[in-house]
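A.B. asks: Chains A and B supply the protein sequences, listed in that same order. When we follow numbering that gives the first Met the number 0, the leftmost residue of the first sequence carries the number 0, and every step to the right adds one. When we follow numbering that gives the first Met the number 0, the leftmost residue of the second sequence carries the number 0, and every step to the right adds one.
These aren't lab readings, by the way, just hints derived from the structure by calculation. Hints should not be assumed to be uniformly reliable.
Stated by the list, open to error - Subject to a maximum C-alpha distance of 30 Å in a straight line, what follows is the list of computed BS3-like cross-link-like pairs (lysine-lysine):
no., chain 1, residue 1, chain 2, residue 2
1, A, K106, B, K52
2, A, K69, B, K110
3, A, K120, B, K44
4, B, K184, B, K61
5, B, K184, B, K52
6, B, K184, A, K82
7, B, K61, B, K110
8, A, K120, B, K110
9, A, K14, B, K110
10, B, K184, B, K110
11, B, K184, B, K32
12, B, K184, A, K132
13, A, K82, A, K145
14, B, K61, B, K44
15, A, K69, A, K145
16, A, K130, A, K100
17, A, K120, A, K103
18, A, K130, B, K61
19, B, K61, A, K14
20, A, K100, A, K132
21, A, K69, B, K32
22, A, K103, A, K82
23, A, K145, A, K100
24, B, K110, B, K32
25, A, K120, B, K184
26, B, K32, B, K44
27, A, K69, A, K82
28, B, K110, A, K145
29, A, K132, B, K52
30, A, K120, A, K132
31, A, K120, A, K82
32, B, K52, A, K120
33, B, K184, B, K44
34, A, K120, B, K32
35, A, K69, A, K103
36, B, K44, A, K103
37, B, K61, B, K32
38, A, K82, A, K100
39, B, K44, B, K110
40, B, K52, B, K32
So the chains spell out like this:
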Amino acid sequence: MNGVHDMGGMDGFGKVEPEPNEPMFHHEWESRVLAIVRAMGAAGAYNIDTSRFYRESLPPEVYLSSSYYKKWLLGLENNLIDKGYVGAGEFASGHASEPAKPLKRGKFTVNDVERVMVRGKFGRAAPGPAKFKPGDRVRARNIHPKTHTRLPRYVRGHIGVVELNLGCSVYPDTSAMEAGENPQWLYNVVFDGAELWGPEADPTVKVSIDAFEPYLEPA
Amino acid sequence: MDLRVRALETVLTEKGYVEPAALDAIVQAYETKIGPHNGARVVAKAWSDPAFKQALLADGTKAVGTLGHVSRVGDHLVIVENTPQRHNMVVCTLCSCYPWEMLGLPPVWYKAAPYRSRAVKDPRGVLADFGVTLPQEIEVRVWDSTAETRFLVLPMRPAGTEGWSEEQLAELVTRDSMIGTGLPKTPGAPS
Chain A
0 MNGVHDMGGM DGFGKVEPEP NEPMFHHEWE SRVLAIVRAM GAAGAYNIDT
50 SRFYRESLPP EVYLSSSYYK KWLLGLENNL IDKGYVGAGE FASGHASEPA
100 KPLKRGKFTV NDVERVMVRG KFGRAAPGPA KFKPGDRVRA RNIHPKTHTR
150 LPRYVRGHIG VVELNLGCSV YPDTSAMEAG ENPQWLYNVV FDGAELWGPE
200 ADPTVKVSID AFEPYLEPA
Chain B
0 MDLRVRALET VLTEKGYVEP AALDAIVQAY ETKIGPHNGA RVVAKAWSDP
50 AFKQALLADG TKAVGTLGHV SRVGDHLVIV ENTPQRHNMV VCTLCSCYPW
100 EMLGLPPVWY KAAPYRSRAV KDPRGVLADF GVTLPQEIEV RVWDSTAETR
150 FLVLPMRPAG TEGWSEEQLA ELVTRDSMIG TGLPKTPGAP S
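Excised from the complex, chain A in its bound form (with noise of 0.2 Å):
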């Protein structure tokens, strides 16, 4: 989706102001959040993708006048309700006052918190051979999609060249829809400054993106 959380190349949100000897949480719900977000997700209630589209789905206001684990907060919390783990009554009123949904792989325990400090594999069978290798020059295609993409607005429609090939992976269109892995390959493909922001662009620097398969055509 076009969202605000797509911000690559936006002006005016001002300079990066680096906090000197930044705690790690600066109030103690953000650590909850994040164990909560983190637990439930590995019990089972969503995948990383629709937690991100969650987040990203946000109304553009809320989304950029929030803080971080506000976003987390709010993302989950529609979650948990377009899901059916938790009525919008019951986050109201504090108390679970209807049944709960079973989930995927059960009750979070102490016994599960290792699982979640590893991170997880997103690595795939390959359904097919790759389109693209190392050196290709490819075309970012000019899509709009609805729904969560991992295509940021700015390279789209722009030439790059394919310097990596990552391998076969979860395709996060798809998989935060709950449409299915759909695994895709992926690329780190590479962009110069000027093909991205002009001739006034800086000439010594480039970007590059993890691009899936679907997000290229042959240039």
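Given the coordinates of chain A, work out where chain B should sit on it, guided by the hints.
C.D. replies: Below, chain B without anything else, positioned relative to chain A:
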């Protein structure tokens, strides 16, 4: 926010989805097990051991997996090397993808709009916000983390560190130098 999150946790606990003790354990694991010290040790080893460096650049996941202390790295780690000709910088314009196992949880600025919007268009301007100026002719390569690949920058070893141990070298490796928004500390500089 506090109350709202407490309500969420209560509901999920009452429904039998999560154990509060398990949530405590997750938070504790994040607070104690991950952090930039993991990445720093990998970088220091790459600076000291040419064979390890070669293996690391060829297959980051596999090479890091051979080190016991950070064996729980994800499957999709790519190490990108800074050279006198090229400086690398990592961003996630779409959300906040970041090599957690190597660097810990990302800082707020990494997840915020100013960095995410400008890093791909004006990386030298962003570096200036960090007080970093690169030579004019050096290539600046920005890696936008749009899939599950996680990128870690291997900075250049500072001059004047000949004969240093891996432990000493690791002290010079900052988090930002592994994101590409900073450079390693130089020997003798105030930390």
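A.B. asks: With reference to the structure, classify each hint as holding or not holding.
C.D. replies: These are the hints, each one checked on the structure:
1. A:K106 - B:K52: Between K106 of chain A and K52 of chain B the Cα gap is close to 42 Å, so the pair fails against 30 Å, i.e. violated.
2. A:K69 - B:K110: Distance ~13 Å between K69 of chain A and K110 of chain B Cα, so the pair holds.
3. A:K120 - B:K44: Within the cut-off at roughly 26 Å; holds.
4. B:K184 - B:K61: Since the Cα atoms of K184 of chain B and K61 of chain B sit roughly 28 Å apart, the hinted pair holds (cutoff 30 Å).
5. B:K184 - B:K52: 20 Å, holds
6. B:K184 - A:K82: 49 Å, violated
7. B:K61 - B:K110: 28 Å, holds
8. A:K120 - B:K110: 23 Å, holds
9. A:K14 - B:K110: 13 Å, holds
10. B:K184 - B:K110: 24 Å, holds
11. B:K184 - B:K32: 24 Å, holds
12. B:K184 - A:K132: It is violated: about 38 Å lies between the C-alpha atoms, which goes past 30 Å.
13. A:K82 - A:K145: 20 Å, holds
14. B:K61 - B:K44: OK: K61 of chain B and K44 of chain B at ~14 Å, within 30 Å.
15. A:K69 - A:K145: Distance ~24 Å between K69 of chain A and K145 of chain A Cα, so the pair holds.
16. A:K130 - A:K100: Not satisfied, since the Cα-Cα distance of roughly 42 Å exceeds 30 Å.
17. A:K120 - A:K103: 18 Å, holds
18. A:K130 - B:K61: Holds, at roughly 26 Å.
19. B:K61 - A:K14: Judged against 30 Å, a Cα distance of about 37 Å means the pair is violated.
20. A:K100 - A:K132: 45 Å, violated
21. A:K69 - B:K32: 24 Å, holds
22. A:K103 - A:K82: 12 Å, holds
23. A:K145 - A:K100: 29 Å, holds
24. B:K110 - B:K32: OK: K110 of chain B and K32 of chain B at ~21 Å, within 30 Å.
25. A:K120 - B:K184: 34 Å, violated
26. B:K32 - B:K44: 19 Å, holds
27. A:K69 - A:K82: 20 Å, holds
28. B:K110 - A:K145: 23 Å, holds
29. A:K132 - B:K52: 25 Å, holds
30. A:K120 - A:K132: 23 Å, holds
31. A:K120 - A:K82: 24 Å, holds
32. B:K52 - A:K120: 24 Å, holds
33. B:K184 - B:K44: 16 Å, holds
34. A:K120 - B:K32: 20 Å, holds
35. A:K69 - A:K103: The given pair, whose Cα atoms are some 26 Å apart, holds under the 30 Å limit.
36. B:K44 - A:K103: 41 Å, violated
37. B:K61 - B:K32: Holds: K61 of chain B and K32 of chain B sit about 20 Å apart, inside 30 Å.
38. A:K82 - A:K100: OK: K82 of chain A and K100 of chain A at ~9 Å, within 30 Å.
39. B:K44 - B:K110: Cα-Cα ~29 Å, so holds.
40. B:K52 - B:K32: Holds, at about 24 Å.
Checked against the numbered hints given earlier, the structure breaks hints 1, 6, 12, 16, 19, 20, 25, 36 and satisfies all the rest.
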